[in-house]
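Novice: Listed below are the residues making up each chain.
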Amino acid sequence: MQQKIDEILAYLNNKLTAAKSSADCQAIRVEILGKSGKITELFRLIKDVPNEQKSAVGQLLNGAKQQAESLISAKEVAVANEELNQQIFSAKKIDITLPAPKCTGSLHPRTIVQREIEEVFTSMGFVVEDGNEVETEYNNFTAVNVPENHPARDMQDTFWLDNGQVLKTHTSASQNRILKKYPLPIRAIFPGRCFRNEDVDAGHENTFFQLEGIIVDKEVSVGNLIYFMKEMLSKIFKKEVEIRLRPGFFPFTEPSFEMDVRCPFCDGKGCPTCKNGGWIELCPCGMIHPQVLKNAGINPEEYSGCAFGLGLDRMTMLTFGINDIRELNSGNLKLLKQFGIKN
Amino acid sequence: MIISLNWIKEFVNLDGIEIDEIVKRFGLSTAEVESVNYVGNDIEKVVVAKILKVENHPNSNHLHILQVDDGSEQPVQVVCGAPNVRVGLKTFFAQVGGRVKQLKIKPAKLAGVESNGMCCGGNELGIEADTSGIVELDDSLKVGESIFNILPIKDVLIEVDNKSLTNRPDLWGHYGIAREFAAIFNRPLKPLNLDDPSAYSKLKKLNIKVETKNCFRYSSITVANVNKKVSSAIMKLRLNYCGMRDINLLADLTNYIMLELGQPMHAFDNAVVKGITVIEADKPIVMETLEHEKHTIEPGAIVICDDNREPVAIAGVKGGLKSGISANTNSLLIESACFDSMAIRKTSRKIGLITDASTRYEKSLDPELTITAIARLLYLLKEIDGGVKVSSSLTDVYNFKYSIHTIKTDADFICRRGGVNLKETEIVNILTRLGFKVEKQGKNLLVTVPSWRGTKDVSIREDLVEEVFRMYGYDNIKSSTMCMPLKPVDKLSTHEIEYEIKHALASIFNLNEVHSYVWNYLDFNKQIGIEQNSMLHLMEASKSGQTGLRVSLVPTLLKIADENKNKFEDISIFEIGRVFDALDENNLAVERKKLGIVLASESEKDEKLYFKLKQIAEYISNNLVGANLEFKTPAENKIYHPTNSCQIFANKQVGEMGILHPAIAKKIDARKQFAVLELDVNELISSPKQTFKYLPTSKYQPVSLDFNFVADKSTPYSTLENIINNFKCNYILEHSLKDIYINEQTLKDKISYTINVTITPKDKTLSSNDIEKFSKRFIDAFASQNIILRN
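So the protein lines, in turn, are chains A and B.
For what it's worth, numbering that gives the first Met the number 0 labels the leading residue of the first sequence as 0, then goes sequentially.
For what it's worth, numbering that gives the first Met the number 0 labels the leading residue of the second sequence as 0, then goes sequentially.
Chain A extracted, bound-state conformation (with noise of 0.2 Å):
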């Protein structure tokens, strides 16, 4: 039995020397540990061997098998290795410097720049509400206190249906819906698309958007609005900025501010952006008028408010350096392909 088993694994190293690749040891190891592999019918011999014998002759056979077992392991993995190295060695050199496919799409800067300004209001408990765009005369003017007579309501200024209704001079036009939808306190900012019947030149559009955001509360005080608009304005310029108000009129607040921002881009020291004057115009802004409370069903003896509307388009021309406003309804993809999907 001793010299079959010595025969086998003189066979299976000389098998092991010559075997190149990982299908050889593979077969090997079929030839010699297979199902009917040649140590594996020595087993079958046992049967034959007397008793006395057979536990010797197993454990011989046990070696054997182990032996065997440890021989074809240690040629795979050395096999396996030189096979990995070959690979590696023999691999295509890729060049990646080589252009990758690109993502073509883009956003349009409005989207990207009011993404990000609902962004900041969401984080500070602000609600994101959506609006009409074709809207009612009472919606647009009535509710939020435009008087009967206000040049505001004539058809040079706003665009008129023949139905009656008006495509929305501003967002104010959705103060009443959103003041009546939610249960106070309210903080909320609504996004829109605004018209007015104006020439359309390098600064002014007759299709715009503008950012609008409503605080109503107990308490509200022009101290409140300007926190949240400094806050605001930070984060959007990533800066902390500082912000003025000035005396305006619109007659839905009362009182009602122009509010400034100190030029971010030359931090007040005088640039193109702010025309050298240090100062950026860039949100009217107030206390909601009491009128516009009380068209809303809110108790103006408890509740005040404060209201803001940014210019969408302002912003978004801030941002990115866009001189001018047509540029943004115009369609113009070598311009708006230029835009990603974030600022």
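There may be inaccurate statements among the hints.
Example chain B residues on the side facing chain A (calculated, C-beta under 7 Å, incomplete) [as the list claims (entries may be wrong)]:
id, residue
1, Leu421
2, Val464
3, Met483
4, Val488
5, Ala505
6, Ser506
7, Asn509
8, Val513
9, Tyr516
10, Ser533
11, Leu537
12, Glu539
13, Asp583
14, Asn586
15, Glu590
Simulated pairs of lysine-lysine, DSS-like, Cα-Cα distance not exceeding 25 Å [to be verified]:
id, chain 1, residue 1, chain 2, residue 2
16, B, Lys407, B, Lys381
17, A, Lys341, B, Lys592
18, A, Lys336, B, Lys604
19, A, Lys217, B, Lys490
20, B, Lys712, B, Lys611
21, B, Lys321, A, Lys180
22, B, Lys422, A, Lys217
23, B, Lys388, B, Lys203
24, B, Lys604, A, Lys101
25, A, Lys3, A, Lys53
26, A, Lys336, B, Lys592
27, A, Lys92, A, Lys180
28, B, Lys477, A, Lys229
29, B, Lys321, A, Lys101
30, B, Lys592, A, Lys180
31, B, Lys611, A, Lys229
32, B, Lys227, B, Lys388
33, A, Lys37, A, Lys3
34, A, Lys179, B, Lys592
35, B, Lys227, B, Lys141
36, A, Lys234, B, Lys486
37, A, Lys268, B, Lys477
38, A, Lys333, B, Lys604
39, B, Lys611, A, Lys333
40, B, Lys227, B, Lys321
Please keep in mind that the hints were generated in silico from the structure rather than gathered at the bench.
Heads up, the beta-carbon is just placed ideally off N, CA and C, and yes, glycines get one too.
Fit chain B to the supplied structure of chain A, relying on the hints for placement.
Specialist: Below, chain B without anything else, positioned relative to chain A:
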């Protein structure tokens, strides 16, 4: 409006305050300053000179050679082209080395004759409008005296944005602005020097009749024996500095009062106009104005007529030619009136004539101002022309009297609204400075609004909050956060999904977002051969000439594609925008938010574009909305390919897509293939959601099988899909379409689909018998629908 700081200083002492500070505080407390212009600094070495000798120029028939005495030791020779040169005339003379605006004065030769200086015209110096010759100065002025000692030509002109004065009728004159400065800097406001019109109460009354409710007040007086024709130099200077032109004494006076008090006035020739009737036109009236322009006044407008009911002026806008002041006028009837702001605005807009007067009347002027204006005019007129005689008593028809109103408030309210703790005394002090009368009643403050603020600007306690804090300084209010209950924010799901759709289209599908207009472009539509009928129209065409609102996004997007077609081989654009395609039962617009996509390519086949649209639609609906889509061929809309297009359903119809009709595509760009999609975003979002349930996985080995099925070409793939979806078995069944094979020779009018099926048993290992059984049942299911296994 332009404000002369010198004029302001006549009414309030601003000594010791820097100009920058004056401008800044005014901007922060009152109104927006557009520009600050330091004038008079560009005049140098201009002095009074006397013409000693006038000689004709040998080489010119309009030039003269003058010898002038400018206070130097020797007379100076100067060549001058003005026609009014004469010996003895005193004029302003710019000496060599001096400057008049852009012009530096140097020794020169004019038509060959030496000239050392320049005699100045009033227009050249910017001090009067006259361009006919050199300034004629009073003989009492000393030769050699600098212009600066004679006229305050050095001034600071502050231009205020008119828009920011819309709600402040009191700020349309210098005196009102001076009142603001007095309040801002806490300095006293000097009273105006006025004549006393009550002194003439014994004189005859004028015949003034007011027949319209739109004339609140008409005050008038007549003056005779006016002999002076020329305004004072300072009056002319101020008019010119403030953007007007001096004309003659009487016209200048009314303009001067307007700039000073904000009250427009009109002077009629009393020889022509003896009395006044104010009417509302009941028929169109044609009127020729002082500028010789004819205007047709429509019925309803306020018209000033004489006592023969002859129209003499368009009320609040412009005087008529016939009744106006001429060079011969020596008696006048003065109008100082107050009209309804809207009536004036309407008339002025209708006839397209916006004047300084109409601009002011539109702001709702203080009706209490008319008498003050007359008293001031009389004072100034008498100062210039001591010989004038007032020839009537002050006649005042005041039909719609301003009612004084009071506002009840308290210091606590004002402080809470501002977010600042102010002492009550400080609040009272500020309001008093602004002309409000404040009466304390326990904790309350009873505030009487002055007439110049009460016509429309100040009426409620919130208005007083503004008054207090704009004076206190908005920049002194501290930023403060709020105390609000912490609550989760409701995110508007449609708004979120809308953004997610945009984001996916741009980042995953490489589409470019565009924004467009809501108009229907009829010309473009016609040009590419599509018809779009608007449901809603603008009453007045937009300035770009469009009238209808769009009913679909597709034509808009095709227009944008058209505009970009020569710059790009491939165009992939989208917009989420509104369309207005219906009216509800109350005749209100039905607005739909749509997603429109246009894909155009010169390299990709239309089929591929069409499938990209399907991929996008399914991505949006499966991944962002959670709804399942079905497609029914073809689309209804005529812009699509008659066969290669479909309606999109998520339970109900949510849109359409397809290859663009070749006839339209050719008209836009024959080189490109076009595919188009339009989805109703809100409909899609509100469609029923698929409830998601995960499938338990199995630990047993799956088996993968390929089947080649042959069907008629007319059989859509969805038939096979349905068979599989309805096939019942105990295994987990997954499938995919692996290949499509068409061969005219071997398959003829058939098509072969290779479908890969993976079956996974749930509770045991599959035996070959199980697999065989499954395959047979599977193939039979297809065979029953005439779809045969190919060998």
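Novice: Each hint needs a verdict: does it hold in this structure or not?
Specialist: Status of each hint after checking the structure:
1. Leu421: Given a least distance of 12 Å, the restraint on Leu421 of chain B is violated.
2. Val464: holds (6 Å)
3. Met483: holds (6 Å)
4. Val488: Constraint on Val488 of chain B satisfied, holds at 6 Å.
5. Ala505: holds (4 Å)
6. Ser506: Holds: closest Cβ of chain A sits about 5 Å from Ser506 of chain B, inside 7 Å.
7. Asn509: Hint on Asn509 of chain B: holds, closest Cβ of chain A at ~4 Å, below 7 Å.
8. Val513: Cβ of Val513 of chain B sits 5 Å from chain A, so the hint holds.
9. Tyr516: Hint on Tyr516 of chain B: holds, closest Cβ of chain A at ~5 Å, below 7 Å.
10. Ser533: violated (9 Å)
11. Leu537: holds (5 Å)
12. Glu539: holds (5 Å)
13. Asp583: violated (10 Å)
14. Asn586: holds (5 Å)
15. Glu590: holds (6 Å)
16. B:Lys407 / B:Lys381: violated (44 Å)
17. A:Lys341 / B:Lys592: Distance ~23 Å between Lys341 of chain A and Lys592 of chain B Cα, so the pair holds.
18. A:Lys336 / B:Lys604: OK: Lys336 of chain A and Lys604 of chain B at ~23 Å, within 25 Å.
19. A:Lys217 / B:Lys490: holds (24 Å)
20. B:Lys712 / B:Lys611: holds (23 Å)
21. B:Lys321 / A:Lys180: Not satisfied, since the Cα-Cα distance of roughly 62 Å exceeds 25 Å.
22. B:Lys422 / A:Lys217: Distance of about 22 Å is within 25 Å: holds.
23. B:Lys388 / B:Lys203: The given pair, whose Cα atoms are some 13 Å apart, holds under the 25 Å limit.
24. B:Lys604 / A:Lys101: The hint holds at about 21 Å.
25. A:Lys3 / A:Lys53: holds (16 Å)
26. A:Lys336 / B:Lys592: Roughly 24 Å separates the two Cα atoms, so the pair holds.
27. A:Lys92 / A:Lys180: Not OK: Lys92 of chain A and Lys180 of chain A at ~64 Å, beyond 25 Å, violated.
28. B:Lys477 / A:Lys229: It holds: about 11 Å lies between the C-alpha atoms, which stays within 25 Å.
29. B:Lys321 / A:Lys101: violated (77 Å)
30. B:Lys592 / A:Lys180: holds (21 Å)
31. B:Lys611 / A:Lys229: Judged against 25 Å, a Cα distance of about 45 Å means the pair is violated.
32. B:Lys227 / B:Lys388: holds (13 Å)
33. A:Lys37 / A:Lys3: holds (10 Å)
34. A:Lys179 / B:Lys592: Given that 25 Å is the threshold and the Cα spacing comes to 23 Å, the pair holds.
35. B:Lys227 / B:Lys141: holds (23 Å)
36. A:Lys234 / B:Lys486: Measuring from Cα to Cα gives roughly 22 Å; hence the hint holds.
37. A:Lys268 / B:Lys477: holds (24 Å)
38. A:Lys333 / B:Lys604: Answer holds: Lys333 of chain A to Lys604 of chain B is near 24 Å, not above 25 Å.
39. B:Lys611 / A:Lys333: Holds, at about 23 Å.
40. B:Lys227 / B:Lys321: holds (21 Å)
Hints 1, 10, 13, 16, 21, 27, 29, 31 from the earlier list are contradicted by this structure; the remaining hints agree with it.
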